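S.K.: Sequence:
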Amino acid sequence: MIRPALPDDVPVIHAMIGELAEYEKEPEAVVATERDLREALFGPQPAVFAHVAEEDGSGVVGFALWFRNYSTWTGRHGVYLEDLFVRPEARGSGHGLALLRALARICVERGYRRLEWSVLDWNEPSIRFYQALGSRPMDGWTVRRLDGDALAALGSAEA
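Each residue of the sequence shown is one higher than the last, beginning at 1027 in this note's numbering.
Keep in mind the hints are simulated off the structure, nothing from the lab. All values derive from a computational prediction rather than experimental measurement. Be aware that one or more of the hints could be misleading.
List time: in silico EDC-like cross-link candidates among lysine to aspartate or glutamate, alpha-carbon distance up to 20 Å [claimed, not checked]:
| id | residue 1 | residue 2 |
| --- | --- | --- |
| 1 | 1051 | 1108 |
| 2 | 1051 | 1150 |
| 3 | 1051 | 1109 |
| 4 | 1051 | 1165 |
| 5 | 1051 | 1135 |
| 6 | 1051 | 1173 |
Turn these sequences into a full structure, and let the hints guide you.
M.R.: Encoded structure:
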């Protein structure tokens, strides 16, 4: 079963974020707390959303965390999937597909034109899964990030 996340889901989503970080070989990179996640998802003006996959007898076994983006070319919003994770013991049962299908349905129902995400170059199982859905890589584009000292320096620089 796929459903929008509820406040009571925050602890398990937070735990799975840690599991995802372990899988992606960056466990020390997670500094977000359950409180941060709760505020982002359920605060007065949430800008981040989540859906969870539930399995009878096992509870929540996966999640998709997403936010709206915007394309100046299409003139429409889209969905950017920040994280998709299904616990290893629940993989192969259709939860990942069901989560992506729920996000695609949101796009279709709201007139959004894109569902986008990033995948690590070495994550072959996920790449194969995404290719089987009909997604395509955005060749020619490189993800860039500004964080840490570089972000602080740019953000505090005089105009």
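S.K.: Look at each hint and say if it fits the structure.
M.R.: Structure-based check of all given hints:
| no. | hint | in the structure |
| --- | --- | --- |
| 1 | 1051 <-> 1108 | 17 Å, holds |
| 2 | 1051 <-> 1150 | 15 Å, holds |
| 3 | 1051 <-> 1109 | 15 Å, holds |
| 4 | 1051 <-> 1165 | 24 Å, violated |
| 5 | 1051 <-> 1135 | 36 Å, violated |
| 6 | 1051 <-> 1173 | 19 Å, holds |
When the structure is compared with the earlier hints, violations turn up for hints 4, 5 and for no others.
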